[in-house]
Amino acid sequence: MWHNLATLLRYRGLIQSLVARELKARYRGSVLGFFWSFVNPLLLISIYSFVFAVIMPADPKAQTSPVAVFMFSGLLPWTWFSASLLEGSSALISGGNLIKKVLFPAEILPIVTVLSNMVHFVLGLLILAGFMVWNQHYPDWNELGWFPVVVLIQLIFTVGLVLLLSALTVHFRDLRDLLGNVLTFWFFATPIIYSYKMDTVAGFIGYFRWNPFFHLAVSYQEILFFTGEFGHLKWLPVMAAGSILTFFAGYWLFDRLRDSFAEAV
Amino acid sequence: MATPAISLTNVTKLYKRYGGRQFATLKSALLSGDLVKKLRPEETFQALKNVSFDVAKGQTMGVIGRNGSGKSTALKLIAGITKPTSGVVAVKGRISALIELGAGFHPEISGRENVFINGIMLGMTKREIQQRFDEIVEFAELTEFIDAPVKTYSSGMYMRLGFAVAIHVDPDVLLVDEVLAVGDEGFTHKCLDKFGEFKRRNKTILLVTHSLGLVERFCDEAVWLDHGDKRGQGDPTRVVGAYMTDVERQEEQLLAAGDAKAKVDAGESTASAKPTGPVDAGEIAADMSRATEGRWGSGGVEITQVTLQNDHGETTHIFHTGEPVTVKLNVRASKPVKDFVFGVAIFNAEGVCVYGTNTDIEDHQSDTLDGAAEIALVIDALDLVEGTYKLDVAAHKLDGAPYDYHRLLYTFRMKSRIKDVGIYRPKHSWKFDGGVKFRLKT
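Sequence order for the protein chains is A and B.
Heads up: the first sequence begins at 1195 in the numbering used here, then just goes up one per residue.
Heads up: the second sequence begins at 276 in the numbering used here, then just goes up one per residue.
FYI, nobody ran anything at the bench for these hints, they're computed from the structure.
Keep in mind that this is a model prediction, so the values were computed, not measured.
Any given hint could turn out to be false.
Stated by the list, open to error - Example chain B residues on the side facing chain A (calculated, C-beta under 8 angstroms, incomplete):
| id | residue |
| --- | --- |
| 1 | Tyr-290 |
| 2 | Gly-355 |
| 3 | Thr-357 |
| 4 | Lys-358 |
| 5 | Ala-378 |
| 6 | Gly-379 |
| 7 | Leu-397 |
Glycine included, every Cβ here is placed at the ideal spot set by N, Cα and C.
If we strip away everything but chain A, and leave its shape as in the complex, we get:
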């Protein structure tokens, strides 16, 4: 396992080019091209803003105004997470031809999907910055230093989960369909389009704490949106430990099943 991890480092050049290829290939042939990376979240956020600011405005106590900035700070990391899981879980199957014919570490394929979705996430941050300027709502600059740490934790967590899922999906194709449903459930079980500061949420806080993405979403919102101190900081070590544990669990299972991929995909 350690040896394989070291091999992975040697292949970082390949990961880099594959991520670049993924991004280039995705929008090749479409008129708006790379702008879709911006248009997709923009459309999404405009609908959410309309629904939650006009149709059913949130309780002012939840402090979710301006709603676009609030939602975007939770929605962007979620989109990165869920898209990575959905694409990554079938990465080995769609790359089956490669695994069967070319000798290279198979974990590169799911990792590349996570990374290319991360690039979209980073681009999305530009839109978020645009909304911040537009609404004159800025984050606390001294808290912003924690932002890359949270991103790193999410990256490690997502990679671990994707490795686990992609390895299992090779043998149990049902996981792909199952995952879509689980993610919908997971999305609404996480305070992204509603605020964790609402009283109704506080009643269930004990359950929410078992949701790993709850901690990520709250961290992002406290850093990027809510004024006041980064109260969720105390959870950061637990999150870091959890994501590293997830990574090793995922990688361990991936490594155990590695030899079966070339034959089972």
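Starting from the known structure of chain A, fit chain B onto it as the hints suggest.
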């Protein structure tokens, strides 16, 4: 022998079938909590059975065998794509495997970008690719199209580019799986030249191919795999010879079985057709091109057995171009007959009559036939090109009314190492004069 570059020791490969696993199994696997253990296969297939061979550094080894004999599995094991179930595979040096060309190409992006990604996948560094880029593109003959997306390439262009990248990895060990069929003649020669260059630079090549001529011309050694067993190893000519003999033996069995079946079928139809009396000969002739196998006739003379014999007098169904062939008919007349002709015709697979003759047109006037007799058509040299042929044999009256007509019931196969085309292979040789020069083909 020098140190082996590739070494297989008692290698066995079991393929597992994970088929038929349903969601219920995942649930139970999750519930019982031993997922990894549950991934045990229900069925296995032995692709390689205790195979050992070495390839010395700088040698070119040909791997031959029928489909499903384990050739590609051996190659994948050597390439490290799959692991042996038991035994040891050891390879010294950088490997490049020409297994599936362009396997990693992404259709949407340009040839140029694909060359880089494919090159990195195959183990080259970015700088190495940059240095060899022009060479690769030129080799693939794609200079004009290199910036077009790969999805616009023809399959030949795709393969050429894949081949060009793989061959420029500059490996110590090159694994080639049946890829020489990728381009036109010119490109194939270029590939062979490239292989020749590899040989001169003392690189090791493992070549899996069905092209036996290539193995004989090009390889220093050959291995013959059959159903996962190693059947032979050594001098290419000897191993290829042994392999071909085995293939012929199997074909022979197949053809013999086919003949027996045809005879049984035809025998049944004659039994019911006999009382209807003779069939009009003119009608048969008109219908010749569309005719299918069968047997008919009045039965006054019966052809009891038809055998094909080679020059050693052995009954066989496989002949080599130019070999003597004897077509022997065992016939029987229950009552003495005065009016009879025996004929033989050879048809090729397209149904074209290659040759036909009978005793009458070759000036044998019938006199008497009583009881059992043996008629043989002796062909000194059957100069047909490679292919499958069928025989018509017949006993009929001078006016054409058949006693016993066997239509396309007997099959034989011509084998030739020369892939010439057409039907007939006249005895010939080439002569050159003046300012023309040839060299031995490699």
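Quick rundown of the hints versus the structure:
1. Interface restraint check: B:Tyr-290 against chain A, minimum CB-CB distance 6 angstroms, threshold 8 angstroms, status holds.
2. At its closest, the beta carbon of B:Gly-355 sits 5 angstroms from a beta carbon of chain A; the interface hint therefore holds under the 8 angstroms criterion.
3. Here the hint on B:Thr-357 is kept, as its CB sits about 5 angstroms from the closest CB of chain A, short of 8 angstroms.
4. For B:Lys-358, the interface hint holds, the least distance from its beta-carbon to any beta-carbon of chain A being 5 angstroms, beneath 8 angstroms.
5. Interface hint at B:Ala-378: satisfied, since its Cβ lies 4 angstroms from the closest Cβ of chain A, which is below the 8 angstroms cut-off.
6. With 8 angstroms as the threshold, the beta carbon of B:Gly-379 comes within range of chain A, its nearest partner Cβ sitting at about 5 angstroms, so the hint holds.
7. Given the 8 angstroms rule on beta carbons, the hint for B:Leu-397 holds: about 7 angstroms separates it from the nearest Cβ of chain A.
Hint violations for this structure: none, all hints satisfied.
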